[in-house]
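Asker: Sequence:
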Amino acid sequence: MAESRQRGSSQNEKQSGKRNGASPANRNAEKPDQALLRADSFTNAPKVSRSKLTKEEREEITKQQEAERKEAEKLDKVAARGPIGRWWYKLQSSPDKVSLGMAIVALGVVYGDIGTSPLYTAQTFLSGQGGLANTGREAVLGMLSLVFWSITLITTVKYVLIAMRIDNNGEGGIFALYSLIRKYGAWLVIPAMLGGAAFLADSVLTPAVSISSAVEGLKTLPALEHLFTENKDLTMMITAVIIVILFAVQSRGTESIGKVFGSVVMVWFAFLAIVGVVAIGNDWSVLAALNPYYGIKFLFSPNNAAGLALMGTVFLSTTGAEALYSDMGHVGRGNIYFTWPFIKVALVLNYFGQGAWMLRNQNNPELADAEGINPFFQMMDPNVRYVAVVLSVTAGIIASQALITGAFTMVSEATGLNWMPHLQVRYPARTRGQLYIPVVNVVLCVATLAVLLLFRDSEHISAAYGLALTITMITTTILLGIYLWHRSNKFGAVVFTIVFLAIQVLFFAASMAKFLHGGWFTLLLTLAILMVMYTWNEGTKLERSQRRHMMPKDFLPALDKLHGDSRIHRFADNIVYLTSDPDLKRLDTDIFFSIFADHPKRARAWWAVAVETTDEPFTREYSVESFGTDYLFRVRIRLGFKVSQSIPAYLHQIMHDLEKTGELPNQQSIYPKLDADPGIGTIRYVVIHKALMPESKVSGRGALSLQIKYAIRRVAGSPVKWFGLAPYNPLVEVQPLFVSTRRPPRLTRVASQAPKREG
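Using our numbering, the letters of the sequence shown map in sequence onto residues 25 to 783.
Read the hints as simulated data drawn from the structure, not as lab findings. Beta carbons are placed, not taken as given, at the ideal position from N, Cα and C, and that holds for glycine. Take every hint as true, because none was put in to throw you off.
The calculated label-pair distances, taken between Cβ atoms and stated as ranges, are: (1) N442 <-> L551: 18 to 26 Å; (2) V369 <-> N513: 25 to 33 Å; (3) R511 <-> L540: 40 to 48 Å; (4) R82 <-> A552: 41 to 49 Å; (5) S309 <-> N407: 23 to 31 Å; (6) R82 <-> P246: 54 to 62 Å; (7) S123 <-> L391: 43 to 51 Å.
Produce the entire structure from the sequences given, and follow the hints as far as they go.
Answerer: Shown next, in the form of structure tokens:
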């Protein structure tokens, strides 16, 4: 090895002597070659600047530091004002801190789904009971009681008070929860995958049902009634346009969208509370429904025309509860705690207002035979309905937003668990919790439009809506119960699991009544997403079972000999491999055998580069291990989540840095290159993919998992695009996956026979 380095050093000295020789003739002869180095005059290839931060990043950091300084000063002043001040200081220094700006964002991002439930819950209840004329006081109080206690137990107790106390570095949701408890049993992957798949399936239906149900409210306005009568598909067309616009603005981030939506949601919930109080009037006897006795009695009463399916209707009032937990990382736990009491009071007042209206109008002859009565709009003055329709359309858009942002978080967490392919992720806001995944955005948009075209109106979409979410709630309860069993009181964990499983299994059984009316679509979508996660996970396990790592004593002798073997022409001056292994002290066998497979890839230097994304926004740093050589470098680049992954530009900087320190021999090139960097030799990027061998001894299920994984990878894209390598013509190399191979029987040699001549 030392001899090889000396040999390379002497060759460099000879080349340097030739270039820097004292002979004027030689210097004159080199002038044309020097002119070839001016390639940067004709290309704008990306380069790194001398600054470590851009002007915008410096300004943003300065603003953030100034805001933190002012906030710290305020807290210091408040802390000096007695016990209340010290309590506030402690709160604002904890994960439960409250910010007025982020509280408004929380209103816009988190509560849209649950905020649209009053639009259709009571309407669905009346339809199930056979109309307003068949709905007596027992039925109304029973429904209101079940709704109130469902919101209280499922949303307030389970999610706000229990689930949100369990976070994974500030992130919530079923995948974050699974990451905390997966060490307690391999079987936990089943409820985690199933719940996540059901949540993502529900994310497709929520925009379609929320927006279409709100847009259909336009038909109740006298001024527009004739337009919708003449154009049956007008509501569907308007809904489709709104959906496309909604998904188009996702790239701006949930913070900017949330601030706009948050102000509207504040008005929306205030409106719900006010119209609810007005509808209640002086008949506060409806508050008797706060007693759970009325709900339990009516559920099993012979007067309940819907039977157990009533619980499927009641469940609609809790849709959006899961979004509180999954969006916790977006807006912060403290801001949800701060805003939830206002949200719950507004919802309860509106439901009870609708109940009071139903009690007053049960015997109204004008409404006795009416179909599709919606108590939400009917309880208002006709002039107020115009405001209600406008606000409800906006609320429907916001409901969709809550599920879309939750879907981004879910997919990102599934990627971290290696249950989904690595997709390009953007962080348009100041926190890593607020992210945007272009591929997921497009898939959700197309799937939502497909649902709209398939079912055409909210009545048919609602038949499929909610069924998948009951599955998510059941699986979340199971995982929460496991967490509480191992981390908290075992008796409390058993009580929690039994109580909430009983309630949610009842919801699921009731929702199964929707199966033939559209629920089949939701379950089909859930199974499709589950298949993607399962097959990707199984395929990854099979690949990792074959992956091996080599230590320096194993790979250095062969690489040292190849580096100094002048009989083999250089494949490139630098060969760069991208790897997911961040350990700098070892080398993937995939890289080693790629270098020696077929014709050995000789180079001046080989590079194995791993890229990590940090939790800080503007990190730009790297580490290098050379194993005592000047031709093999393991590089780990750490980039902030808001930093563009311009790997080619960063690698040029690293190579120049190593040249300056003498760790990398001079590679100055006399010929122009596309990257316009004469100080570095040619670079060839290599990306390695795996392929299953025909002789591989793998089960049919395993082979199918790998085939599906590779098909998904082709659709989802490759690291070539993520790291900006496409313009540099990278080599995508396929290596056989030797999971465990079968030995075919030996051939038997037989005597050769001369071919028979014709004629």
